[in-house]
Amino acid sequence: MIFEYAPAPESREVVDIRPSYGLFINGEFVDGSGTPFKTVNPASEETLAEVATATEADVDRAVQAARKAFGVWSALPGSERAKYLFRIARIIQERARELAVLESLDNGKPIKESRDVDLPLVAAHFFYYAGWADKLQYAGYGTTPLGVAGQVIPWNFPLLMLAWKIAPALACGNTVVLKPAETTPLTALLFAEICQQADLPPGVVNIVTGAGETGAAVVGHPDVDKVAFTGSTEVGRLIARAVAGTNKKVTLELGGKAANIVFDDAAIDQAVEGIVTGIFFNQGHVCCAGSRLLVQESVAEELLSSLKRRLSTLRLGDPLDKNTDIGAINSAAQLAKIRELSEAGEAEGADRWSPACPLPDKGFWFPPTVFTGVSQSHRIAREEIFGPVLSVLTFRTPAEAVEKANNTPYGLSAGVWTEKASRMLWMANRLRAGVVWSNTFNKFDPTSPFGGYKESGYGREGGRHGLEAYLKEIS
Amino acid sequence: MSIPTASSNASLRAFLHGLPGVDRVGADARAAGLGTRSIKTTAKRQAIDMAISMVDLTTLEGADTRGKVRAMCAKAVHPDPTDPTVPRVAAVCVYPDLVAEARDVVGSSGVKVASVATAFPSGRSSLEVKVADTAMAVAAGADEIDMVIDRGAFLSGDYVKVFEEIQAIKEACGEAHLKVILETGELATYDNVRRASWLAMLAGGDFIKTSTGKVQPAATLPVTLVMLEAVRDFRDREGRMVGVKPAGGIRTTKDAIKMLVLVNETAGPDWLDPDWFRLGASSVLNDLLMQRQKLTTGRYAGPDYFTLD
Numbered sequence: 001m002i003f004e005y006a007p008a009p010e011s012r013e014v015v016d017i018r019p020s021y022g023l024f025i026n027g028e029f030v031d032g033s034g035t036p037f038k039t040v041n042p043a044s045e046e047t048l049a050e051v052a053t054a055t056e057a058d059v060d061r062a063v064q065a066a067r068k069a070f071g072v073w074s075a076l077p078g079s080e081r082a083k084y085l086f087r088i089a090r091i092i093q094e095r096a097r098e099l100a101v102l103e104s105l106d107n108g109k110p111i112k113e114s115r116d117v118d119l120p121l122v123a124a125h126f127f128y129y130a131g132w133a134d135k136l137q138y139a140g141y142g143t144t145p146l147g148v149a150g151q152v153i154p155w156n157f158p159l160l161m162l163a164w165k166i167a168p169a170l171a172c173g174n175t176v177v178l179k180p181a182e183t184t185p186l187t188a189l190l191f192a193e194i195c196q197q198a199d200l201p202p203g204v205v206n207i208v209t210g211a212g213e214t215g216a217a218v219v220g221h222p223d224v225d226k227v228a229f230t231g232s233t234e235v236g237r238l239i240a241r242a243v244a245g246t247n248k249k250v251t252l253e254l255g256g257k258a259a260n261i262v263f264d265d266a267a268i269d270q271a272v273e274g275i276v277t278g279i280f281f282n283q284g285h286v287c288c289a290g291s292r293l294l295v296q297e298s299v300a301e302e303l304l305s306s307l308k309r310r311l312s313t314l315r316l317g318d319p320l321d322k323n324t325d326i327g328a329i330n331s332a333a334q335l336a337k338i339r340e341l342s343e344a345g346e347a348e349g350a351d352r353w354s355p356a357c358p359l360p361d362k363g364f365w366f367p368p369t370v371f372t373g374v375s376q377s378h379r380i381a382r383e384e385i386f387g388p389v390l391s392v393l394t395f396r397t398p399a400e401a402v403e404k405a406n407n408t409p410y411g412l413s414a415g416v417w418t419e420k421a422s423r424m425l426w427m428a429n430r431l432r433a434g435v436v437w438s439n440t441f442n443k444f445d446p447t448s449p450f451g452g453y454k455e456s457g458y459g460r461e462g463g464r465h466g467l468e469a470y471l472k473e474i475s
Numbered sequence: 476m477s478i479p480t481a482s483s484n485a486s487l488r489a490f491l492h493g494l495p496g497v498d499r500v501g502a503d504a505r506a507a508g509l510g511t512r513s514i515k516t517t518a519k520r521q522a523i524d525m526a527i528s529m530v531d532l533t534t535l536e537g538a539d540t541r542g543k544v545r546a547m548c549a550k551a552v553h554p555d556p557t558d559p560t561v562p563r564v565a566a567v568c569v570y571p572d573l574v575a576e577a578r579d580v581v582g583s584s585g586v587k588v589a590s591v592a593t594a595f596p597s598g599r600s601s602l603e604v605k606v607a608d609t610a611m612a613v614a615a616g617a618d619e620i621d622m623v624i625d626r627g628a629f630l631s632g633d634y635v636k637v638f639e640e641i642q643a644i645k646e647a648c649g650e651a652h653l654k655v656i657l658e659t660g661e662l663a664t665y666d667n668v669r670r671a672s673w674l675a676m677l678a679g680g681d682f683i684k685t686s687t688g689k690v691q692p693a694a695t696l697p698v699t700l701v702m703l704e705a706v707r708d709f710r711d712r713e714g715r716m717v718g719v720k721p722a723g724g725i726r727t728t729k730d731a732i733k734m735l736v737l738v739n740e741t742a743g744p745d746w747l748d749p750d751w752f753r754l755g756a757s758s759v760l761n762d763l764l765m766q767r768q769k770l771t772t773g774r775y776a777g778p779d780y781f782t783l784d
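Quick note, the sequences are listed as chains V and X, same order.
In terms of my numbering, the first sequence has 58 at position 58, counting the first letter as 1, and numbering is strictly consecutive.
Position in the second sequence (first residue = 1) + 475 = my numbering.
It is possible that part of the hints are untrue.
Said to hold, decoys possible - As a list, the in silico SDA-like pairs of lysine to any residue whose alpha-carbon atoms are at most 25 angstroms apart: (1) K769/X to M1/V; (2) K645/X to D711/X; (3) K729/X to F3/V; (4) K515/X to T447/V; (5) K769/X to A96/V; (6) K308/V to G493/X; (7) K443/V to S513/X; (8) K322/V to R726/X; (9) K420/V to G493/X; (10) K83/V to K420/V; (11) K515/X to V117/V; (12) K308/V to R512/X; (13) K308/V to R726/X; (14) K729/X to R97/V; (15) K420/V to G632/X; (16) K515/X to V15/V; (17) K515/X to K83/V; (18) K308/V to G718/X.
To be verified - Far from chain V by the CB rule (all over 10 angstroms, computed), these chain X residues: (19) V497; (20) T511; (21) I514; (22) T516; (23) A518; (24) A546; (25) Y570; (26) D572; (27) G585; (28) F595; (29) E646; (30) H652; (31) T695; (32) P744.
Since the hints were derived computationally from the structure, they do not count as laboratory data.
A virtual CB, placed ideally from N, CA and C, is assigned to each residue, including glycine.
Bound conformation, chain V alone (with noise of 0.2 angstroms):
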């Protein structure tokens, strides 16, 4: 019997989206002095609001007033500043239905991964790093705010980078100017208004929206301390060089291309359910999606029968309906990467498969992809597609795994999958990624610490580890 489901909408009716939107400094919102910029919804092309440019004067007038706050903002008691932080974590889960509508809205990805997984992550950050402000002498980092940071984010997870960003900072008694990504304002904008609706003192947030430009007018200012950024290896290594020289302290979460390496002995169902949820969670608008699955040969035929068997049930289209499993490409910019390392993969001889899946007339689509007969020297299996791509590779031993895993640029998260423990901690000691998943993929948590090894980045963010960060070393 054919179980169609029908369509289960969330409604957009819980968000108000404003037709225009301006900076938020010294805790109020303000025009921008450059050219206002459009943000769409991915699945529609609809523009959802028009967007202030900030300018370098702009920034600056965020910067002096994050430097004013400072002053007041740091001097409070940690049990001051966690009142706040606590007070904004509860706002969070009282308005997150608005939130994830907004997020799903601005960003393409499905509402029940904006509802289930960024929301309540969101919230969970808030709510650890307010508990951190009042017991920071215990954190072993020492207790001494640096001053103003500048953070730039990315467009993949727009609140969830955000809070990742500004909780642990204001949580040290900095404040902070932020920069969300240019497709993806809207969320940090709602935010702005949760800072307002907790009585933040003006000037502790400040957000700054705006493209590159903007961006690296934060980072570049001179009265930054510290710089903060998540997004591609490219831009990484811009900012590492702008900030070169200076006493900015730096902090880079960049790009991946992780292995997901599953033994012969691994629970199979579930193993196809951690490729999935590595490689086609948010679209695979991952830093640390497992884009590359090792599979030991001996079960590699079996294991991608059963896979493909399981993305034929995964649910492609209208990010708001809540049994979608696949939102819309973030951008037509994105979409176009996509595509162009989707076409050298079959290029370079691989095969490409997707199930019968198909797409909307409008917006940005990708179909879920495997690329199987992949090998090492091809460019879908070195470069980061940041997208629902897959590539396929197999191994023989323990030790060609993470020979393979290891050889790579990146380095920021892994997986692996053997119902055997000893096998397990193994691999988990050879391989160099800042995340080893055991048995699971693409699980956060804030009291766990995220950040890679080599062209990923550098630094940590979550956990006592992400304090380190925003606090002056002790000397």
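Assemble chain X onto chain V, guided by the hints.
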């Protein structure tokens, strides 16, 4: 891996323990994820009727009487006397001594008569008694036999005993369909659930069923998921389809719909049929009827508007 001949515990053990393991955390997460599917409007209507047509309406109490069984069977044939468009349920499930009574009421309505057998619910008796129990139910007109496996033998590694017992009962069933109750609450681990599922299928069971309803936990979503994976993989390997029946603890329409989603996205639409999927339950039927009426009229009626049988 080749299918064993089941001649020795060693060969059965090698086969069953060679099946891929089940990671509990992952299986729980998958079941919970499928549980968030939002089934609304036309899909809900379809799901409710599908669920009603898959119910094995059950009474398995020491206090069961002929009157109780007759009343339940009447409801099985006409779940909602005020609305003839409501489908009949799949089967009624009773103790062997009440099979004749049930048979008499359901007649040629199409509702099947299922009987538990084999020293239900513990299964603690000799094979002779279990076969006799089965034969008695079949002779009284049972279309389906719900047997219990010997969990003690399974947990002590005596797979041959479990296997041969299922084979013997299958033979005693004759034309009747055999459902094999694993009593997953006593098997405890998902690895055991997968192994017991395969053992029951290899021995010839037509259905695998989670529970007697007398032990908690009973038909949880992840246990049902593991069993659906087993029947799916068994068909891939052996070419034979085996049905699945979660039983015990399914009380609301929401519970029932989650089960159907699980079937749809795990074993696939082929199993969305009363011949291949059943819901062992009693109290769920009135909730399904209540939700069905709400979809039709837009209003909830009170519980007194639905019969208690």
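Hints and how they fare:
1. K769/X to M1/V: Holds. K769/X to M1/V sits at ~24 angstroms (cutoff 25 angstroms).
2. K645/X to D711/X: Distance ~23 angstroms between K645/X and D711/X Cα, so the pair holds.
3. K729/X to F3/V: holds (16 angstroms)
4. K515/X to T447/V: violated (37 angstroms)
5. K769/X to A96/V: violated (30 angstroms)
6. K308/V to G493/X: Roughly 23 angstroms between the alpha carbons, so the hint for K308/V and G493/X holds.
7. K443/V to S513/X: holds (24 angstroms)
8. K322/V to R726/X: holds (24 angstroms)
9. K420/V to G493/X: holds (14 angstroms)
10. K83/V to K420/V: violated (45 angstroms)
11. K515/X to V117/V: Holds, at about 23 angstroms.
12. K308/V to R512/X: Distance of about 21 angstroms is within 25 angstroms: holds.
13. K308/V to R726/X: Distance ~34 angstroms between K308/V and R726/X Cα, so the pair is violated.
14. K729/X to R97/V: It holds: about 22 angstroms lies between the C-alpha atoms, which stays within 25 angstroms.
15. K420/V to G632/X: This hinted pair holds, its Cα atoms lying about 22 angstroms apart.
16. K515/X to V15/V: Between K515/X and V15/V the Cα gap is close to 22 angstroms, so the pair holds against 25 angstroms.
17. K515/X to K83/V: Since the Cα atoms of K515/X and K83/V sit roughly 41 angstroms apart, the hinted pair is violated (cutoff 25 angstroms).
18. K308/V to G718/X: With a Cα-Cα distance of about 24 angstroms, the restraint between K308/V and G718/X holds, given a limit of 25 angstroms.
19. V497: violated (6 angstroms)
20. T511: At roughly 7 angstroms from the nearest Cβ of chain V, T511/X sits no farther out than 10 angstroms, so the non-interface label is violated.
21. I514: Not fine: 6 angstroms to the nearest Cβ puts I514/X too close to chain V.
22. T516: Label violated. Min Cβ-Cβ 5 angstroms, cutoff 10 angstroms.
23. A518: violated (4 angstroms)
24. A546: holds (30 angstroms)
25. Y570: holds (31 angstroms)
26. D572: holds (35 angstroms)
27. G585: holds (17 angstroms)
28. F595: holds (30 angstroms)
29. E646: Correct as stated: the minimum Cβ-Cβ distance to chain V is 32 angstroms, above 10 angstroms.
30. H652: holds (19 angstroms)
31. T695: holds (16 angstroms)
32. P744: violated (6 angstroms)
In this structure, the earlier hints numbered 4, 5, 10, 13, 17, 19, 20, 21, 22, 23 and 32 are contradicted, and the remaining ones agree with it.
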